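Fit chain B to the supplied structure of chain A, relying on the hints for placement.
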Amino acid sequence: MLLKLNNLSKWVQSGGQKVFLLKDISFWVNEGDFISIMGPSGSGKSTLLNVIGMLDDFNEGEYAFLDERVHNLKEKHRANLYKQYIGFVFQSYHLIDELTVKENLEMPLLYKKHGSSERKALVADMLDRFNIVGKKDLFPAQLSGGQQQLVGIARALIANPKLILADEPTGNLNSKQGEEIMDIFTQLNKEGVTIIQVTHSEKNMTYGSRVINLLDGSIV
Amino acid sequence: MYTLYFKIAIRYLVKNKLYSFINILGLAIGVASFILIMVYVNYERSYDKFEGSENVYRVYMDYLVGDVYTPGDAQSYNEVGPTLKEEFEEVLDYTRFYRLGKTTLKTNNQILEINNGCIADPSYFDIFDQKLAYGDINTALKEPNTIVLTASLSQKIFGKENPLGKTIQVYRDRSTSATVVGVIKDLPQNSHFKINYLLSYTTMHNWDAIGDNMKEPNWNNNVYFTYIEIDDKTNANLLQKKIIDRGLDEVNDERMNIEPIEEIHLYSNKPYEAEANGSITRIKFLTAIAFIILILSWLNYINLSTTKSLERAKEIGIRKVVGAQKKQLVIQSLLESIILNISAIIIAVILAIIILPLYNEFTGKTMSFEVDNIQKLLPILGITLLGMILAGLYPAIVLSNYTPLKALKGKTRTSAQGIHVRKGLIITQFFATIVLLIGTIVVTKQINFMQEQPIGSDLNNVLAINGEVLTNVSDSLIRKDYKVLQEELKKLPSVANASFAVTYPGDGYDNLSSFMGITFPNGTLEEQNVWYNYEVGSDYFDVMGMEFIAGKAFMPNSKGFSHDIVVNEEFVKEIGITNIDEAIHKKVKFWNREWGIVGVIKDYHHFGVKSPVVPILIRYTPTKDVLLVKLNSSITSVSGYNSVLNQLQTTWSSVFPESTFNYTFIDKKFQEQYKEDNKFSDAFKIFTALAIFIAALGLFGLTSYTCIQRKKEIGIRKVNGASIFKILQLLNIDFIKWVGVAFIIAIPISWYAMNSWLENFAVKTSLSWWIFVLAGCMALGVTLLTVSWQSFIAANGNPVDALRDE
Numbered sequence: 579m580l581l582k583l584n585n586l587s588k589w590v591q592s593g594g595q596k597v598f599l600l601k602d603i604s605f606w607v608n609e610g611d612f613i614s615i616m617g618p619s620g621s622g623k624s625t626l627l628n629v630i631g632m633l634d635d636f637n638e639g640e641y642a643f644l645d646e647r648v649h650n651l652k653e654k655h656r657a658n659l660y661k662q663y664i665g666f667v668f669q670s671y672h673l674i675d676e677l678t679v680k681e682n683l684e685m686p687l688l689y690k691k692h693g694s695s696e697r698k699a700l701v702a703d704m705l706d707r708f709n710i711v712g713k714k715d716l717f718p719a720q721l722s723g724g725q726q727q728l729v730g731i732a733r734a735l736i737a738n739p740k741l742i743l744a745d746e747p748t749g750n751l752n753s754k755q756g757e758e759i760m761d762i763f764t765q766l767n768k769e770g771v772t773i774i775q776v777t778h779s780e781k782n783m784t785y786g787s788r789v790i791n792l793l794d795g796s797i798v
Numbered sequence: 010m011y012t013l014y015f016k017i018a019i020r021y022l023v024k025n026k027l028y029s030f031i032n033i034l035g036l037a038i039g040v041a042s043f044i045l046i047m048v049y050v051n052y053e054r055s056y057d058k059f060e061g062s063e064n065v066y067r068v069y070m071d072y073l074v075g076d077v078y079t080p081g082d083a084q085s086y087n088e089v090g091p092t093l094k095e096e097f098e099e100v101l102d103y104t105r106f107y108r109l110g111k112t113t114l115k116t117n118n119q120i121l122e123i124n125n126g127c128i129a130d131p132s133y134f135d136i137f138d139q140k141l142a143y144g145d146i147n148t149a150l151k152e153p154n155t156i157v158l159t160a161s162l163s164q165k166i167f168g169k170e171n172p173l174g175k176t177i178q179v180y181r182d183r184s185t186s187a188t189v190v191g192v193i194k195d196l197p198q199n200s201h202f203k204i205n206y207l208l209s210y211t212t213m214h215n216w217d218a219i220g221d222n223m224k225e226p227n228w229n230n231n232v233y234f235t236y237i238e239i240d241d242k243t244n245a246n247l248l249q250k251k252i253i254d255r256g257l258d259e260v261n262d263e264r265m266n267i268e269p270i271e272e273i274h275l276y277s278n279k280p281y282e283a284e285a286n287g288s289i290t291r292i293k294f295l296t297a298i299a300f301i302i303l304i305l306s307w308l309n310y311i312n313l314s315t316t317k318s319l320e321r322a323k324e325i326g327i328r329k330v331v332g333a334q335k336k337q338l339v340i341q342s343l344l345e346s347i348i349l350n351i352s353a354i355i356i357a358v359i360l361a362i363i364i365l366p367l368y369n370e371f372t373g374k375t376m377s378f379e380v381d382n383i384q385k386l387l388p389i390l391g392i393t394l395l396g397m398i399l400a401g402l403y404p405a406i407v408l409s410n411y412t413p414l415k416a417l418k419g420k421t422r423t424s425a426q427g428i429h430v431r432k433g434l435i436i437t438q439f440f441a442t443i444v445l446l447i448g449t450i451v452v453t454k455q456i457n458f459m460q461e462q463p464i465g466s467d468l469n470n471v472l473a474i475n476g477e478v479l480t481n482v483s484d485s486l487i488r489k490d491y492k493v494l495q496e497e498l499k500k501l502p503s504v505a506n507a508s509f510a511v512t513y514p515g516d517g518y519d520n521l522s523s524f525m526g527i528t529f530p531n532g533t534l535e536e537q538n539v540w541y542n543y544e545v546g547s548d549y550f551d552v553m554g555m556e557f558i559a560g561k562a563f564m565p566n567s568k569g570f571s572h573d574i575v576v577n578e579e580f581v582k583e584i585g586i587t588n589i590d591e592a593i594h595k596k597v598k599f600w601n602r603e604w605g606i607v608g609v610i611k612d613y614h615h616f617g618v619k620s621p622v623v624p625i626l627i628r629y630t631p632t633k634d635v636l637l638v639k640l641n642s643s644i645t646s647v648s649g650y651n652s653v654l655n656q657l658q659t660t661w662s663s664v665f666p667e668s669t670f671n672y673t674f675i676d677k678k679f680q681e682q683y684k685e686d687n688k689f690s691d692a693f694k695i696f697t698a699l700a701i702f703i704a705a706l707g708l709f710g711l712t713s714y715t716c717i718q719r720k721k722e723i724g725i726r727k728v729n730g731a732s733i734f735k736i737l738q739l740l741n742i743d744f745i746k747w748v749g750v751a752f753i754i755a756i757p758i759s760w761y762a763m764n765s766w767l768e769n770f771a772v773k774t775s776l777s778w779w780i781f782v783l784a785g786c787m788a789l790g791v792t793l794l795t796v797s798w799q800s801f802i803a804a805n806g807n808p809v810d811a812l813r814d815e
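Going down the list, the protein sequences come from chains A and B.
According to the numbering used here, the first sequence is numbered sequentially starting from 579.
According to the numbering used here, the second sequence is numbered sequentially starting from 10.
Just so you know, not all the hints are guaranteed correct.
Claimed, not checked - Derived DMTMM-like pairs (lysine to aspartate or glutamate); straight-line CA-CA distance at most 20 Å:
id: 1; chain 1: B; residue 1: Lys26; chain 2: A; residue 2: Glu653
id: 2; chain 1: B; residue 1: Lys335; chain 2: A; residue 2: Glu746
id: 3; chain 1: B; residue 1: Lys415; chain 2: A; residue 2: Asp675
id: 4; chain 1: B; residue 1: Lys418; chain 2: A; residue 2: Asp675
id: 5; chain 1: B; residue 1: Lys418; chain 2: A; residue 2: Glu746
id: 6; chain 1: B; residue 1: Lys418; chain 2: B; residue 2: Glu152
Since the hints were made in silico from the structure, they are not lab data.
The structure presented is a predicted model; accordingly, all values stated were derived computationally and were not measured.
Excised from the complex, chain A in its bound form (with noise of 0.2 Å):
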């Protein structure tokens, strides 16, 4: 099992009362599982993922990650624990703009102790991978948006993690891009990568294994 939640809630204080964005929410994700997370504008999706990559906390419940009790954790160790096992995808990409291709897969590495020969390495397997050798040196605005996308998932595959949390990841491509992008989010689950996804698309649900759907904040 690769992470358990068990009756996780967290709310908001609004005028005296709590407002709940996410209650009572248990799962558990195995290695090598693709789940969708679905639902309606505002019923938690997004905030869920958050938790789960650990950038938002929670007020309430249990959550494991590859049995490390992260409501127990430490910011620090919190924060080591999401860097070494996590990548993260987003919808509007999120590169930086003043770095090139290159420069952004390599990012992650600079932050995790890689020497420069291992660093390029990486690199050079990422864009090789990816198909984008020849865009390497240019910066993202050169770029399309299903190409930045590609950037942004090999960035968050670089550093080799167990587990792709992706919001939304085609939601800012049209449908060809979509489809591009969701075929190597297949391909690399075959390859042993757990994914788990925020999506609108019945379409994209379609590729997951595990649908999780949400009102409101609660699974239904």
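Then chain B, alone, in the frame of chain A:
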């Protein structure tokens, strides 16, 4: 990793050209101003430093005024040095200078007028750590009629030749000949005592230009500058106390005192200084201005970069998500700020180097960035760099504190604390700006006030002319010639009047005599005050436009002598006569003789309006070697003046064929007393303008920040019907409040500072309320202009754009 940081920093700076430009420009101006001011401050503080200078002290005389001793005279008696050396074992040696003022040097083929000649003891070389380029230091200046030249004077007279053994005639009314026995290096410009040549002390005995009363050891003439060297191990304060306690039985109501030579330039400022001193108040003000500007540019930097960091939020978010630690982000941000700051420093140093020649011209100093000065500059650059790192730290920490999720979503509305910090920074900027503005206005007002003061005398179109007559005819004949000259000058159509005078307003202390001990008409003997006096011809008062309020000018007797004196109102007051008319025909006694008051003139400023009016006695002289010539007021054009000057010189040469000729417009000379103050005022204006510019840059940054932050609010207000004016009001009101707060803090502080500055002047302008209001309004004006520019754009924007990004 650092290469990547470096790359990002450079790309970011290049991408945001306007931001980088404003930021680097602000910093560079701040740092360049700081460097230039501090170079000047360092220079002013570097006076009279040489090997062993910390053990060299000047002896000066304290005068008893009322019940207290006050510093009375930078000069002392020729017995002071020998007495101190004999009585105090801590005093190792002494050297005395007698300043010759302007002299004429004559060799076989050249006549040169040279200032700053001196008679000096041979111990000079040892005490002042001077080596001889030519000559033997063990014998130099020991023999009478020997002279030591500075290298540049030697070069001027003898070229590259070895001057040893050559003879020079030295003229000061009467001449003496002197053999060159040595050449010293030129004295640095930063010495309070300028020297072009030294005559041996014993030369006096063979030279009738020096009065007999000065040749023998005595306690009567304090016309010598005396410097002593004390033992390295001596506690100078104790020695000073011992010297003060010794008292001075030899002279009534005086005592000896000492001061470190290194402090003379900035702290001394006594009557009869060797040259006009610097001013420690001015130096303190300048240092304050330097730091204010530097701090302003840092505040500006902090504001701008914190503001700009909002745009970096996304990048920070991404970095955090992919694994950057806070420390790494701080380092990256610091590295960027260091790159930006170092480029600013480099530009600042280049700017400073480019401006330096102009700056030297402006300050009249000879400052340079040479290797030995670089060392003194290092602390300055150190301060700059340290401050910059501190300034870079705040934005760095703000940046790295963003939580990744919020940063990614662009929700970087920073904490209330962050807003407070920036508010504080802006108020500090306003505060400094207002203080500087008030300072500028006060300084300008004071300078104008001084220059508009009636000085009690009309210096316009009055020339002082003199020259050295290089013949050996007898004095009585020369005196007659001067008389002839005066008559000839008066005959010139362009000359209104001409008179003899030893000195005149604005000429300073150099040719003014003074004495102590006077018997008032009522018989009281007064022995504490210094009484200044000088000699003039009968026409002097007419030439100078001085007004008699009682009596009239002297009437010399048939032999051309007179023991009448003309005094000023202040004198009459001092001797206890209230009705001015009663002063006429009263007798006062000094120099063992009675003098009758024949006239009282209105008070006039002899030393410029910076000093209070002092009692003055004016004695009669039939002739003198300085003539004051009043030109007709019809002469105004440059060519008119040139032709008059030609006429004067021709007349002069027709009487004295073998002589030199000099002239001075005395109103110009009088104005020169304010030269330093004028420069100070100019400097104040320039640096205030720069400070305001930098502050405006910071304001610009902060406004753009506010506009970004309130973009949505503005959009919503507009959708709901707010007018552009209402929005402008909304955006500007905070800044107006901040100016108000800064204004309230600035008033007492600048009032106090400027009041203490005005203390330096005898005639001072008032700190009127409108000065503060004007400064406040100017600050407000600049603020509104800067802020409105940006907020107008924001207020004018299409609300749809503002509301879309949700």
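Status of each hint after checking the structure:
1. B:Lys26 - A:Glu653: violated, 38 Å
2. B:Lys335 - A:Glu746: violated, 28 Å
3. B:Lys415 - A:Asp675: The hint holds at about 18 Å.
4. B:Lys418 - A:Asp675: holds, 16 Å
5. B:Lys418 - A:Glu746: holds, 14 Å
6. B:Lys418 - B:Glu152: violated, 91 Å
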